[in-house]
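Student: Chains A and B, in that order, give the protein sequences. The opening residue of the first sequence carries number 12 in our numbering; numbering runs sequentially from there. The opening residue of the second sequence carries number 24 in our numbering; numbering runs sequentially from there.
Any given hint might turn out to be false.
[To be verified] Every beta carbon over 10 Å from chain A, so not counted as near; a handful from chain B, in silico:
1) VAL52
2) LEU67
3) LEU69
4) ILE83
5) LYS91
6) ALA115
7) PRO136
[Unchecked claim] Sample of chain A residues facing chain B (criterion: CB under 7 Å; computed from the structure):
8) SER42
9) GLY53
10) LEU54
11) ASN67
12) PRO119
13) GLY120
14) LEU123
I should point out that these hints are in silico values taken from the structure, not numbers from a laboratory. These numbers come from a predicted model, not from an experiment. Ideal Cβ positions, reconstructed from N, Cα and C, are used throughout, including at glycine.
Here is how the chains run, residue by residue.
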Amino acid sequence: KAGVTQTPRYLIKTRGQQVTLSCSPISGHRSVSWYQQTPGQGLQFLFEYFSETQRNKGNFPGRFSGRQFSNSRSEMNVSTLELGDSALYLCASSLGQGYAYNEQFFGPGTRLTVL
Amino acid sequence: AQSVTQLGSHVSVSEGALVLLRCNYSSSVPPYLFWYVQYPNQGLQLLLKYTSAATLVKGINGFEAEFKKSETSFHLTKPSAHMSDAAEYFCAVSDQGNNRLAFGKGNQVVVIP
Numbered sequence: 012k013a014g015v016t017q018t019p020r021y022l023i024k025t026r027g028q029q030v031t032l033s034c035s036p037i038s039g040h041r042s043v044s045w046y047q048q049t050p051g052q053g054l055q056f057l058f059e060y061f062s063e064t065q066r067n068k069g070n071f072p073g074r075f076s077g078r079q080f081s082n083s084r085s086e087m088n089v090s091t092l093e094l095g096d097s098a099l100y101l102c103a104s105s106l107g108q109g110y111a112y113n114e115q116f117f118g119p120g121t122r123l124t125v126l
Numbered sequence: 024a025q026s027v028t029q030l031g032s033h034v035s036v037s038e039g040a041l042v043l044l045r046c047n048y049s050s051s052v053p054p055y056l057f058w059y060v061q062y063p064n065q066g067l068q069l070l071l072k073y074t075s076a077a078t079l080v081k082g083i084n085g086f087e088a089e090f091k092k093s094e095t096s097f098h099l100t101k102p103s104a105h106m107s108d109a110a111e112y113f114c115a116v117s118d119q120g121n122n123r124l125a126f127g128k129g130n131q132v133v134v135i136p
């Protein structure tokens, strides 16, 4: 089975621009979560989508948004980029069924650099 | 809200020596607890998890962890360090039935030959 894929792997943008990152979950997985990893703040939860609905949201400004498509692929968008948005953005997928434990599998991440 | 504390951002261990990484959690409800490993330029890989079954959990690559409710701890150990264990290790917690993970700051493990 193919793992979680994220595109692009590397991205360079300038302040004020917007960016869209993509995540393709493992086949059959319906839950996709996004995390931001920075040296200063560590790993922080952004949001989770399940069956095209946002199920959980972290403490990030409204410039960070996401969506999920019917094939479970997910995108996250960051508008009006700031220097502090430079980070590794990780996507994780899981079965997401009910309330039983489902292991989350992480993708390799997208490295975003804001200049 | 759940949280975890990992002390000592950098941990040096000699090859063949015990690896011990400490994790203390704070949770208002019975938690799920995890240890993840991250190698350079890669995502996170699950080492092991506690989901309210056995308190001593064995994971991949010879790692294990023990859930101690009285101490609110979930320390990670490996009896004998190998050069390939050099990586960053993260402890994480979630509520049961919730995919939202709260991570510790991580431990960068350096293995000295």
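Student: Over 10 Å to the closest beta carbon of chain A is the bar; see if LEU69 of chain B clears it.
Tutor: 6 Å, violated
Student: Would you settle whether the hint for LEU123 of chain A is holds or violated, based on the nearest Cβ-Cβ distance to chain B being less than 7 Å?
Tutor: Violated, because the Cβ-Cβ distance from LEU123 of chain A to chain B comes to roughly 14 Å (cut-off 7 Å).
Student: At a threshold of 7 Å, is the proposed contact between GLY120 of chain A and chain B supported by beta-carbon distances?
Tutor: 5 Å, holds
Student: Over 10 Å to the closest beta carbon of chain A is the bar; see if PRO136 of chain B clears it.
Tutor: 27 Å, holds
Student: Let's test the interface hint: is any C-beta of chain B closer than 7 Å to that of LEU54 of chain A?
Tutor: 4 Å, holds
Student: Is the nearest CB of chain A more than 10 Å from the CB of ALA115 of chain B?
Tutor: 8 Å, violated
Student: Confirm or reject the statement that LYS91 of chain B sits farther than 10 Å, beta carbon to beta carbon, from all of chain A.
Tutor: 20 Å, holds
Student: Does the no-contact call for LEU67 of chain B survive, Cβ to all of chain A over 10 Å?
Tutor: 4 Å, violated
Student: Is it correct that the beta-carbon of ILE83 of chain B has no partner in chain A closer than or equal to 10 Å?
Tutor: 12 Å, holds
Student: Quick check on the hint: ASN67 of chain A CB to chain B CB, less than 7 Å?
Tutor: Result: holds, 5 Å to nearest chain B Cβ.
Student: Less than 7 Å between beta-carbons is the criterion; does PRO119 of chain A satisfy it with respect to chain B?
Tutor: 5 Å, holds
Student: For the restraint on SER42 of chain A, tell me whether the closest CB of chain B is nearer than 7 Å.
Tutor: Status holds, d = 6 Å.
The structure does not agree with the numbered hints 2, 3, 6, 14 stated previously, though it agrees with the rest.
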